[in-house]
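Participant: Those sequence lines, one after another, are chains A and B.
Quick note, the first sequence lines up with residues 355 to 468 if you use our numbering.
Quick note, the second sequence lines up with residues 1045 to 1159 if you use our numbering.
By construction, these hints were calculated from the structure, which means they are not laboratory data.
Please read all numbers here as calculations on a predicted model, not as lab measurements.
A couple of the hints might just be wrong.
[As the list claims (entries may be wrong)] Cut-off 35 Å, straight-line C-alpha distance, at most; resulting in silico cross-link-like pairs (DSBU-like, lysine-lysine): (1) A:K411 with B:K1063; (2) B:K1097 with A:K460; (3) A:K467 with B:K1097; (4) A:K422 with A:K467; (5) B:K1062 with A:K411; (6) B:K1063 with A:K467; (7) A:K435 with B:K1097; (8) A:K430 with B:K1097; (9) B:K1082 with B:K1062; (10) B:K1066 with A:K422; (11) A:K467 with B:K1062; (12) B:K1062 with A:K435.
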Amino acid sequence: GQNIDQPTEMTATEGAIVQINCTYQTSGFNGLFWYQQHAGEAPTFLSYNVLDGLEEKGRFSSFLSRSKGYSYLLLKELQMKDSASYLCAVRAPNYGGSQGNLIFGKGTKLSVKP
Amino acid sequence: DTEVTQTPKHLVMGMTNKKSLKCEQHMGHRAMYWYKQKAKKPPELMFVYSYEKLSINESVPSRFSPECPNSSLLNLHLHALQPEDSALYLCASSQDPQASGNTIYFGEGSWLTVV
């Protein structure tokens, strides 16, 4: 079966650093995506990892360990506008045909406090 | 430009109505998707079109009928829906259905309420 786990909710303080973890067990793996979704809006692409290691994009970084089935999204210098849900999604072969489509975790709701 | 445009943004329909949701992208993407998202839940895949052909139907009831008139357009025809079908319907696209690393870009979604 396919399973993606991430914490349901997290709270952090403006200016701080927060790490959102994601673990997955899927039949095959073709990459892991992180999306940000504000309430009432569509998901917005943040990052993509297919090889082990860290990908950095400004205040956001994402890490992947394929052997551990583990990823995290790191947000630095938190701002109030970072309050949103963060979705971990795995692309698995043979799920949805061709190179596969996205299987989403349930999302982590991040609240940034002043 | 990574824009996927969906219309309408909000739709209220009765259980006997027939309506359509529309999606458009001009990025030359050859894979297009419909996802359904209920409140506080992750998106769930409904349909995948690959090179304008339906490649995946994730056991979606026949009251939802997708259509891909050309490589830029994707429609979702709605008929005899139930109140539990009320949700955010997300259209998405990616460049090449055969390539694993293509990012999937989402439109802003259409909020559907069935009364």
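Participant: Taking each numbered hint in turn, which are not upheld by the structure, reported in ascending numerical order?
Facilitator: Numbers 1, 3, 5, 6, 7, 8, 10, 11 and 12, in rising order.
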